[in-house]
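For reference, the chains in residue letters:
Protein chains: 2
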Amino acid sequence: MINKKLLFKKRPYGLPDENTWELTEEKLPDLLEGEILIEHEYISLDPAMRGWMNEARSYIKPIEIGEVMRAGSVGKVIQKSGKTKFKIGDHVSGWGGVQTHCISNGENLIKVDPLKSNLSTYLGVLGMPGMTAYFGILEEAKIKEGDVVLVSGAAGAVGSLVGQIAKIKGCTVVGIAGGEKKCNYIKDNLGFDNSIDYKKGNVIKEIKKKCPNGIDVYFDNVGGEILDAALIFLRRNARVILCGAISQYNNKESIKGPKNYLSLLVNRASIKGMIVFDYVHKYEKAISEISGWIEEGKITVNEDIYEGIDNFRSIFLKLFNGDKMGKLILKIKPK
Amino acid sequence: MINKKLLFKKRPYGLPDENTWELTEEKLPDLLEGEILIEHEYISLDPAMRGWMNEARSYIKPIEIGEVMRAGSVGKVIQKSGKTKFKIGDHVSGWGGVQTHCISNGENLIKVDPLKSNLSTYLGVLGMPGMTAYFGILEEAKIKEGDVVLVSGAAGAVGSLVGQIAKIKGCTVVGIAGGEKKCNYIKDNLGFDNSIDYKKGNVIKEIKKKCPNGIDVYFDNVGGEILDAALIFLRRNARVILCGAISQYNNKESIKGPKNYLSLLVNRASIKGMIVFDYVHKYEKAISEISGWIEEGKITVNEDIYEGIDNFRSIFLKLFNGDKMGKLILKIKPK
Numbered sequence: 002m003i004n005k006k007l008l009f010k011k012r013p014y015g016l017p018d019e020n021t022w023e024l025t026e027e028k029l030p031d032l033l034e035g036e037i038l039i040e041h042e043y044i045s046l047d048p049a050m051r052g053w054m055n056e057a058r059s060y061i062k063p064i065e066i067g068e069v070m071r072a073g074s075v076g077k078v079i080q081k082s083g084k085t086k087f088k089i090g091d092h093v094s095g096w097g098g099v100q101t102h103c104i105s106n107g108e109n110l111i112k113v114d115p116l117k118s119n120l121s122t123y124l125g126v127l128g129m130p131g132m133t134a135y136f137g138i139l140e141e142a143k144i145k146e147g148d149v150v151l152v153s154g155a156a157g158a159v160g161s162l163v164g165q166i167a168k169i170k171g172c173t174v175v176g177i178a179g180g181e182k183k184c185n186y187i188k189d190n191l192g193f194d195n196s197i198d199y200k201k202g203n204v205i206k207e208i209k210k211k212c213p214n215g216i217d218v219y220f221d222n223v224g225g226e227i228l229d230a231a232l233i234f235l236r237r238n239a240r241v242i243l244c245g246a247i248s249q250y251n252n253k254e255s256i257k258g259p260k261n262y263l264s265l266l267v268n269r270a271s272i273k274g275m276i277v278f279d280y281v282h283k284y285e286k287a288i289s290e291i292s293g294w295i296e297e298g299k300i301t302v303n304e305d306i307y308e309g310i311d312n313f314r315s316i317f318l319k320l321f322n323g324d325k326m327g328k329l330i331l332k333i334k335p336k
Numbered sequence: 002m003i004n005k006k007l008l009f010k011k012r013p014y015g016l017p018d019e020n021t022w023e024l025t026e027e028k029l030p031d032l033l034e035g036e037i038l039i040e041h042e043y044i045s046l047d048p049a050m051r052g053w054m055n056e057a058r059s060y061i062k063p064i065e066i067g068e069v070m071r072a073g074s075v076g077k078v079i080q081k082s083g084k085t086k087f088k089i090g091d092h093v094s095g096w097g098g099v100q101t102h103c104i105s106n107g108e109n110l111i112k113v114d115p116l117k118s119n120l121s122t123y124l125g126v127l128g129m130p131g132m133t134a135y136f137g138i139l140e141e142a143k144i145k146e147g148d149v150v151l152v153s154g155a156a157g158a159v160g161s162l163v164g165q166i167a168k169i170k171g172c173t174v175v176g177i178a179g180g181e182k183k184c185n186y187i188k189d190n191l192g193f194d195n196s197i198d199y200k201k202g203n204v205i206k207e208i209k210k211k212c213p214n215g216i217d218v219y220f221d222n223v224g225g226e227i228l229d230a231a232l233i234f235l236r237r238n239a240r241v242i243l244c245g246a247i248s249q250y251n252n253k254e255s256i257k258g259p260k261n262y263l264s265l266l267v268n269r270a271s272i273k274g275m276i277v278f279d280y281v282h283k284y285e286k287a288i289s290e291i292s293g294w295i296e297e298g299k300i301t302v303n304e305d306i307y308e309g310i311d312n313f314r315s316i317f318l319k320l321f322n323g324d325k326m327g328k329l330i331l332k333i334k335p336k
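For the protein sequence lines, the chains are A and B, in the order given. Positions 2 to 336 (the numbering used here) are the ones given, in order, by the first sequence. Positions 2 to 336 (the numbering used here) are the ones given, in order, by the second sequence.
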């Protein structure tokens with residue numbers, strides 16, 4: 002059987018280009034005792050992947066040159082050899098990488114149920130971005146009823162769920178997103194109280210207008226000038242959760258620090274970084290609670306699915322050019 | 002009776018100059034029923050005073066033009082009228098301001114005991130800087146035995162106590178200070194494990210050398226480039242306590258944000274601002290514990306006392322030019 006896989010060839014400086022990856026094919030080897038063969042259905046595209054491509058020390062080891070591009074995946078077990086953790090026909094989610102198939106000994110795989118949720122959703126609100134939003138807003142930001150929550154990247158995979166969970170918990174939620182379409186979407190479809198279009202007008206003035214009493218929580222997915230603007234409006238004991246900094250990931254210039262950071266001092270506020278992997282032992286509880294909210298109609302799933310491993314690069318770049326809505330997913334298995 | 006008082010005349014831009022204050026004299030009015038007259042012995046000089054001179058919204062209202070310059074003070078009750086909270090001969094500490102005498106109704110004054118500690122010490126380790134260090138390192142940074150603690154402004158009023166308390170609690174303590182004299186002092190007299198002279202050599206390289214395994218707590222009194230350098234070396238779950246930013250208080254340029262702030266994300270670390278006034282209800286307990294440490298010889302009191310209200314400005318500037326060791330105090334009452 003042939004596996005089509007995307008190899009990581011060259012660390013990018015700035016945005017990935019045509020030299021960053023190479024798509025190749027290989028004949029899959031025979032399975033060893035205990036191994037399974039997974040046919041990938043969907044691959045997750047996440048901003049964090051850009052960070053893993055850098056050589057620098059981080060919270061996870063960098064992807065090595067020559068390796069299959071690391072990515073979250075969901076697929077079906079189609080072959081097995083001997084005594085295995087999963088059986089043929091099982092659906093599993095894991096770190097299969099950007100390829101059509103993946104051989105695994107079953108380690109770090111989770112069985113998922115395609116009858117309970119669409120398979121793609123195990124990469125979205127029931128996957129890494131969902132867990133990030135859930136633990137970020139509940140356990141890191143510790144929101145309380147009545148809090149004013151500002152979230153950037155509000156139409157994105159993490160931000161859209163952060164805002165919806167904060168609404169469930171009785172907060173006032175204002176989302177920052179790029180463009181009228183996204184801004185309308187988060188208000189009309191996701192139930193945010195208000196939106197700010199960072200591409201239109203002055204973000205500082207807009208925050209002032211839409212959060213007239215300041216903010217208790219700023220959930221930051223973007224960094225840069227928007228983080229700096231949010232700091233101005235922190236209320237006493239405000240919490241800034243640093244979840245990502247998408248504006249900085251492909252930056253070729255030196256990163257600009259948030260010059261309004263002394264607002265933290267005056268307001269006894271904090272900025273705290275989070276990494277979702279620290280919560281792995283609690284994922285099950287989160288998945289169960291989010292699934293319940295979906296069933297009750299309290300959470301709208303917001304996925305943007307594109308097709309074809311051949312189109313990986315152009316679709317990956319949608320993470321950074323704003324050209325997508327919600328969780329970005331690549332469908333790998335042809336219909 | 003004549004009161005000599007320093008009036009705040011003009012908000013400074015950058016460092017205070019000869020137009021910032023005006024020293025005047027007044028004949029004190031007669032006391033009203035319930036009032037006491039305090040003769041000041043010492044005035045506290047603290048970096049925070051520079052912040053109070055700005056017009057901007059802050060954690061405390063700005064000093065108004067024409068008011069007596071706000072400052073912590075300690076003195077003796079020398080007159081009273083009718084039924085009063087304190088009696089003649091009592092020593093009290095409060096916010097008397099930069100003047101030789103102060104009339105008060107007793108509100109916000111604390112009785113202090115000159116037999117237990119030198120009066121000046123009620124402005125230092127038993128006063129605002131002491132409380133800042135105590136609650137900052139214990140309740141905000143939540144140090145544990147074995148933590149590596151880096152503190153800037155380490156020979157200053159707050160930093161010198163932060164380091165000593167961290168040593169009592171079993172931490173490894175490295176202090177950053179300006180000049181060989183201060184660096185030797187914090188090692189030889191205050192028991193710090195190591196020191197870094199920010200005026201000599203590269204602070205990033207020095208932190209790397211002296212905290213080879215990174216830092217768990219950075220207690221920041223200075224801001225600017227030293228904060229940025231410290232961020233590089235945060236360990237997992239590190240805590241940065243933002244207590245002050247003395248490098249920025251007289252800055253005429255726009256403040257530079259800490260460009261290495263994404264280290265917070267990778268290391269699940271936090272920056273948190275603190276204001277000591279939030280702990281007023283616990284001061285008594287802190288004063289009692291610190292007094293105990295002084296008696297046991299575990300804390301060295303580190304005060305730099307100058308004389309004369311006429312010299313206020315030149316002595317105040319020592320806060321910012323590095324020309325002092327430990328807590329800066331102005332003796333007001335002539336011998």
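No lab work stands behind these hints: they were computed from the structure. There's no promise every hint is true.
No copy labels: a pair is met if it fits in one copy or bridges any two.
As the list claims (entries may be wrong) - List of simulated lysine-lysine pairs, DSSO-like, C-alpha gap at most 30 angstroms:
id: 1; residue 1: Lys-209; residue 2: Lys-62
id: 2; residue 1: Lys-283; residue 2: Lys-336
id: 3; residue 1: Lys-62; residue 2: Lys-145
id: 4; residue 1: Lys-88; residue 2: Lys-200
id: 5; residue 1: Lys-206; residue 2: Lys-62
id: 6; residue 1: Lys-253; residue 2: Lys-210
id: 7; residue 1: Lys-210; residue 2: Lys-260
id: 8; residue 1: Lys-86; residue 2: Lys-206
id: 9; residue 1: Lys-188; residue 2: Lys-88
id: 10; residue 1: Lys-211; residue 2: Lys-62
id: 11; residue 1: Lys-112; residue 2: Lys-209
id: 12; residue 1: Lys-168; residue 2: Lys-188
id: 13; residue 1: Lys-334; residue 2: Lys-253
id: 14; residue 1: Lys-143; residue 2: Lys-28
id: 15; residue 1: Lys-260; residue 2: Lys-209
id: 16; residue 1: Lys-209; residue 2: Lys-257
id: 17; residue 1: Lys-210; residue 2: Lys-62
id: 18; residue 1: Lys-86; residue 2: Lys-257
id: 19; residue 1: Lys-253; residue 2: Lys-77
id: 20; residue 1: Lys-188; residue 2: Lys-170
id: 21; residue 1: Lys-260; residue 2: Lys-11
id: 22; residue 1: Lys-253; residue 2: Lys-206
id: 23; residue 1: Lys-143; residue 2: Lys-168
id: 24; residue 1: Lys-210; residue 2: Lys-257
id: 25; residue 1: Lys-84; residue 2: Lys-170
id: 26; residue 1: Lys-260; residue 2: Lys-211
Quick caveat, the model's predicted, so the values are computed rather than measured.
Against the structure, the hints come out as follows:
In this assembly of identical chains, the alpha carbons of Lys-209 and Lys-62 lie at most 30 angstroms apart only when taken from different copies (21 angstroms versus 40 angstroms within one copy). For the identical chains of this complex, Lys-283 and Lys-336 are neighbours neither inside a copy (34 angstroms) nor across copies (67 angstroms), given an alpha-carbon limit of 30 angstroms. For the homomeric pair Lys-62 and Lys-145, the shortest alpha-carbon distance between copies (29 angstroms) is at most 30 angstroms, but the shortest distance inside one copy (35 angstroms) is not. Taking identical chains as interchangeable, the C-alpha atoms of Lys-88 and Lys-200 are never at most 30 angstroms apart, the minima being 49 angstroms within one chain and 66 angstroms between chains.
When the C-alpha separation of Lys-206 and Lys-62 is checked against a cutoff of 30 angstroms, the pair qualifies only between copies, where the shortest distance is 24 angstroms, while the shortest distance within a copy is 40 angstroms. Proximity of Lys-253 and Lys-210 under a CA criterion of 30 angstroms is satisfied inter-copy only: 29 angstroms between copies versus 33 angstroms inside one chain copy. For the identical chains of this complex, Lys-210 and Lys-260 are neighbours both inside a copy (22 angstroms) and across copies (28 angstroms), given an alpha-carbon limit of 30 angstroms. Taking CA atoms no more than 30 angstroms apart as the test, Lys-86 paired with Lys-206 passes in neither setting, with 56 angstroms inside one copy and 49 angstroms between copies.
In this assembly of identical chains, Lys-188 and Lys-88 lie within 30 angstroms of each other by CA distance neither inside one copy nor across copies; the values are 43 angstroms within and 64 angstroms between. Taking the closest pair of Cα atoms, Lys-211 and Lys-62 come within 30 angstroms of each other only across two copies (26 angstroms); inside a single copy the shortest separation is 40 angstroms, beyond that limit. Taking the shortest Cα distances, Lys-112 and Lys-209 never come within 30 angstroms of each other, neither inside one copy (46 angstroms) nor across copies (44 angstroms). For the homomeric pair Lys-168 and Lys-188, the shortest alpha-carbon distance inside one copy (12 angstroms) is at most 30 angstroms, but the shortest distance between copies (53 angstroms) is not.
For the homomeric pair Lys-334 and Lys-253, neither the shortest alpha-carbon distance inside one copy (35 angstroms) nor that between copies (60 angstroms) is at most 30 angstroms. In this assembly of identical chains, the alpha carbons of Lys-143 and Lys-28 never lie at most 30 angstroms apart, being 50 angstroms within a copy and 56 angstroms across copies at closest. In this assembly of identical chains, Lys-260 and Lys-209 lie within 30 angstroms of each other by CA distance both inside one copy and across copies; the values are 18 angstroms within and 25 angstroms between. For the identical chains of this complex, Lys-209 and Lys-257 are neighbours both inside a copy (23 angstroms) and across copies (23 angstroms), given an alpha-carbon limit of 30 angstroms.
Taking identical chains as interchangeable, the C-alpha atoms of Lys-210 and Lys-62 lie at most 30 angstroms apart only when they sit on different chains, with a minimum of 24 angstroms there against 42 angstroms within one chain. In this assembly of identical chains, Lys-86 and Lys-257 lie within 30 angstroms of each other by CA distance neither inside one copy nor across copies; the values are 48 angstroms within and 54 angstroms between. In the homo-oligomer, the alpha carbons of Lys-253 and Lys-77 never lie at most 30 angstroms apart, since the shortest distance is 40 angstroms inside one protomer and 62 angstroms across protomers. Taking identical chains as interchangeable, the C-alpha atoms of Lys-188 and Lys-170 lie at most 30 angstroms apart only when both belong to the same chain, with a minimum of 17 angstroms there against 51 angstroms between chains.
Proximity of Lys-260 to Lys-11 under the C-alpha cut-off of 30 angstroms is restricted to the inter-copy arrangement: shortest distance 26 angstroms between copies versus 34 angstroms within a copy. Taking identical chains as interchangeable, the C-alpha atoms of Lys-253 and Lys-206 lie at most 30 angstroms apart whether they share a chain (28 angstroms) or sit on different chains (24 angstroms). Within a single copy, Lys-143 and Lys-168 get their C-alpha atoms as close as 14 angstroms, which meets the 30 angstroms cut-off; across copies the closest is 32 angstroms, which misses it. Taking the shortest Cα distances, Lys-210 and Lys-257 sit within 30 angstroms of each other both inside one copy (26 angstroms) and across copies (26 angstroms).
In this homomeric assembly, Lys-84 and Lys-170 never come within 30 angstroms of each other (Cα to Cα): the closest approach is 45 angstroms inside a single copy and 54 angstroms across copies. In this homomeric assembly, Lys-260 and Lys-211 come within 30 angstroms of each other (Cα to Cα) both inside a single copy, at 22 angstroms, and across copies, at 28 angstroms.
Hint violations for this structure: numbers 2, 4, 8, 9, 11, 13, 14, 18, 19 and 25, all remaining hints satisfied.
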